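Q: So the chains spell out like this:
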Amino acid sequence: MWTIFHRWASPPYFYRQSTRLLPWLSAICALLIIAGLIGGLILAPSDYQQGESYRIIYIHVPSAWMSLFIYMVMASSGAIALIWRIKLAEVMLVASAPIGASFTLLALLTGVLWGKPMWGAWWVWDARLTSELLLLFLYLGIIALYNAIDDKRRAASAIAVLALVGVVNIPIIHYSVQWWSTLHQGPTVTKFGAPSIYIGMLIPLLLMALGFMLFYAISVLLRARTELLAREAASRWVREMLEEA
Amino acid sequence: MREFFAMGGYAFYVWTSYALACVILAWNILLPHRVHKRFISRLRRRLTQRTQA
Amino acid sequence: MASLSLTASFMQLLQRDLLLALRRRSELVSPLVFFVLVISLFTLGSGASATTLGMIAPGIFWVAALLAVLLGLEGIFRADFSDGSLEQLLLSGMPLSVLVLAKVTAHWLVTGLPLLLLAPLLSLMLRMHNDVVWVLMATLLLGTPVLSLVGAIGVALTVGLRQGGVLLAVLVLPLYAPILIFATQAVGFAADGLPVTAHLAILGACLAAALTLAPFAISAALRVGIN
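Note that the protein sequences, when read in sequence, are chains L, R and Z. Counting from 1 along the first sequence, just add 895 to a position and that's the residue number in our numbering. Counting from 1 along the second sequence, just add 2 to a position and that's the residue number in our numbering. Counting from 1 along the third sequence, just add 1 to a position and that's the residue number in our numbering.
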């Protein structure tokens, strides 16, 4: 286990393996998303209360899950980067931030589009939407801090600290917002999310979630590879790789 | 088929959501891909310059 | 320096920072003036009828407090960074988290505490009820130290950067949201005659958590920024 971990943490090994891995990941990801789309848009029955509009959840829910998941990944790689100073962890942290922000933005936009027909207003200060908005601000702060520091290794350490601070705050933000919104406007309409979600609706949702997960893996690998090359541009393995090709 | 695209009257909301998802996901693949390619070619150019020199 | 005990060095640093702060009186006063100004402008912008004011007073008060704290935050480390004494602290061999806590305490004493003392006066302007003022002061007493502690993390991360000010706001304000929510809700509850012990307990818990965790985050951030 540890040897695998150490081998993957070495930049040349990571770079070579990820080149080999990317086509496979892309194929599986495409399959999952296509299957999820067919299941979600065509096969799944319409909801008895929301009609067809509920089909937005096949985008909305997986991206909301990913927005949180990516933040957790960033915080853990931040911790690894700060404690063991592993270059790859720094790179993963840096590469994850824009993708996490994208998924958060997507979750917000689809939440707005779902809210208009369901609640009658584009924006409702619903607990989950509001905490998603604050999460977007956390992501934007991380990206802004990274861009503001010229020395990129130092910038990576700085956002590692910030990501860890943020991850402690996320549950507090979540519960405070939840509390705030329930006290202000009474329990919000949670029409779906009932424990008895129909299996034909659930399976496409899980397929989409898996597809999004793989999509994140692909996107983060693409970004991380560039970032690694930039940091290791002077090293021998990069030169050898360039000469090989 | 038309019924499918109409989405029970929610066509605008549903299809806008899916279109946005398409745009945002595509952007997250195409941009890093292009940046990577450009970076590699820049490195290669630098390498050939150095070997010639 | 290394022979000093922890408490002694904490007290010494606290004293030094307070003395320095008292010498720069105008810097002390401007955040307070700003605080009063924001509250007055809010009232001007939203109408001064007693019912509207009663509804939005806690929000106005706390948002103004957040901004005033934010405005004064940079002073925690900026001067020490530019004259090099921050680096001395890092090299002093004393636990950095303790030293940092002393600096944040000094900062709170000169920015947070005056807000707390101004609160009764301003609550007259916002026509708050007497009982509510006590709750407001309790939330300020528990909440503003958290703002200073969390804000100091942001300052430590941005110290020495050119575009520090706006960046600091972007980093820190989202983290302030929970405190704003709990505090304004407590004041709102008090205005409706409801019990507020739960809110105050949560604010207290936030303070305890910030007191224990933030000094480590601040010192980690300073080490990243300065080494």
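Keep in mind that the hints were calculated from the coordinates and are not lab data. Be aware that one or more of the hints could be misleading.
As the list claims (entries may be wrong) - A short, non-exhaustive set of chain L residues, derived as facing chain Z with CB atoms under 8 Å: (1) Ile978; (2) Pro1012; (3) Gly1015; (4) Ala1016; (5) Trp1020; (6) Leu1029; (7) Leu1040; (8) Ser1052; (9) Ala1053; (10) Val1060; (11) Ile1065; (12) Ile1067; (13) Ser1071; (14) Trp1075.
As the list claims (entries may be wrong) - Chain R stretches covered by chain L per the calculated footprint, using a threshold of three residues with CB under 8 Å from any CB of chain L: (15) 10–16; (16) 20–28; (17) 31–38; (18) 41–55.
Unchecked claim - Computed footprint of chain Z on chain L, listed as stretches where at least three residues anywhere in the stretch have a Cβ under 8 Å from a Cβ of chain Z: (19) 1043–1050; (20) 1131–1137.
For clarity, every value in this text was computed on a predicted model and none was experimentally measured. In this text, a Cβ means the ideal position worked out from N, Cα and C, and glycines have one as well.
Q: Take the hints in turn and mark each one as holding or not.
A: Against the structure, the hints come out as follows:
1. At its closest, the beta carbon of isoleucine 978 of chain L sits 11 Å from a beta carbon of chain Z; the interface hint therefore is violated under the 8 Å criterion.
2. Interface hint status for proline 1012 of chain L: violated, as the beta-carbon distance to the closest one in chain Z is roughly 28 Å, over 8 Å.
3. The interface hint given for glycine 1015 of chain L is violated, since its Cβ lies 24 Å from the closest Cβ of chain Z, which is over the 8 Å cut-off.
4. With its C-beta approaching chain Z no nearer than about 21 Å, alanine 1016 of chain L sits outside the 8 Å limit, and its interface hint is violated.
5. Given hint, tryptophan 1020 of chain L at the interface with chain Z, is violated; its Cβ is 12 Å from that chain's nearest Cβ, farther than 8 Å.
6. Interface hint at leucine 1029 of chain L: satisfied, since its Cβ lies 5 Å from the closest Cβ of chain Z, which is below the 8 Å cut-off.
7. Below 8 Å, beta-carbon pairs count as interface contacts, and leucine 1040 of chain L has one with chain Z at about 6 Å; its hint therefore holds.
8. Because the smallest distance between the Cβ of serine 1052 of chain L and any Cβ of chain Z comes to about 4 Å, under 8 Å, the interface hint for this residue holds.
9. Look at alanine 1053 of chain L: its Cβ gets to within about 5 Å of chain Z, closer than 8 Å, so that hint holds up.
10. Among the interface hints, the one on valine 1060 of chain L holds; its C-beta lies about 5 Å from the nearest C-beta in chain Z, closer than the 8 Å criterion.
11. Given hint, isoleucine 1065 of chain L at the interface with chain Z, is violated; its Cβ is 10 Å from that chain's nearest Cβ, farther than 8 Å.
12. With a least beta-carbon distance of about 5 Å to chain Z, the hint placing isoleucine 1067 of chain L at the interface is held under the 8 Å criterion.
13. A hinted interface residue such as serine 1071 of chain L counts as satisfied when its beta carbon comes closer than 8 Å to some beta carbon of chain Z; here the least separation is about 4 Å, so the hint holds.
14. For the restraint placing tryptophan 1075 of chain L at the interface with chain Z, the shortest Cβ-Cβ distance is roughly 5 Å, inside the 8 Å limit, so the hint holds.
15. Under the rule that three or more residues need a Cβ within less than 8 Å of chain L, the assignment of the segment 10–16 of chain R holds, with 5 such residues.
16. Only residues whose C-beta sits within less than 8 Å of a C-beta in chain L count toward coverage, and the segment 20–28 of chain R has 5 of them, enough to reach three; the restraint holds.
17. Judged by the Cβ-Cβ criterion of 8 Å, the segment 31–38 of chain R is covered by chain L as claimed, because 5 of its residues qualify and three suffice.
18. With a threshold of 8 Å between beta carbons, the proposed coverage of the segment 41–55 of chain R by chain L holds, since 5 of its residues qualify and at least three are required.
19. Residues of the segment 1043–1050 of chain L with a Cβ under 8 Å from some Cβ of chain Z number 3, which satisfies the need for three, so the listed coverage holds.
20. Figure legend: the segment 1131–1137 of chain L, annotated as covered by chain Z; annotation inconsistent (0 residues with Cβ-Cβ distances under 8 Å, at least 3 required).
The structure fails hints 1, 2, 3, 4, 5, 11, 20 (numbered hints given earlier, in ascending order).
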